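Can you make the complete structure from the sequences, with help from the hints?
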Amino acid sequence: MDGLLRINVGMSSFCDFRSKFAIECSICRMDYCSHDVGRIPRILPQCGHTVCHACAQNLLTHTNHIDCPFCRKCGHIPDESRNFGNY
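Under the UniProt record's numbering, the sequence shown has 65 at position 65, and the numbering climbs by one with no breaks.
No lab work stands behind these hints: they were computed from the structure. Wrong hints could be hidden among the right ones.
The following label-pair restraints were derived from C-beta to C-beta distances [as the list claims (entries may be wrong)]:
id, residue 1, residue 2, range
1, His35, His76, 25 to 31 Å
2, Cys33, Pro69, 18 to 24 Å
3, Cys74, Cys33, 23 to 29 Å
4, Asp31, His76, 28 to 34 Å
5, Cys68, Met30, 14 to 20 Å
No experiment lies behind these values; they were computed from the predicted model shown. Even glycine gets a Cβ: it sits at the ideal position worked out from N, Cα and C.
Quick look at the structure:
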């Protein structure tokens, strides 16, 4: 291990990294994960913001549109796409 450089990363740098690369849902704060369907990141088509699948489903519960919780843009989700396979 003598040949490897040791890099000290402060907590603020780690927080900057996490926010820059969006590794967690900004609604529920759960980390995105490709192994758990509810934690798969989904991009809202109307604005490009990202939320996890579970939060997207909660936003879509009784309607066929999602109001982005960040910018409030409204996006229509066709009934055949409600499984978010394409988003």
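* Violated constraints from the hint list, given by number and in increasing order -> When the structure is compared with the hints, none of them turns out to be violated.
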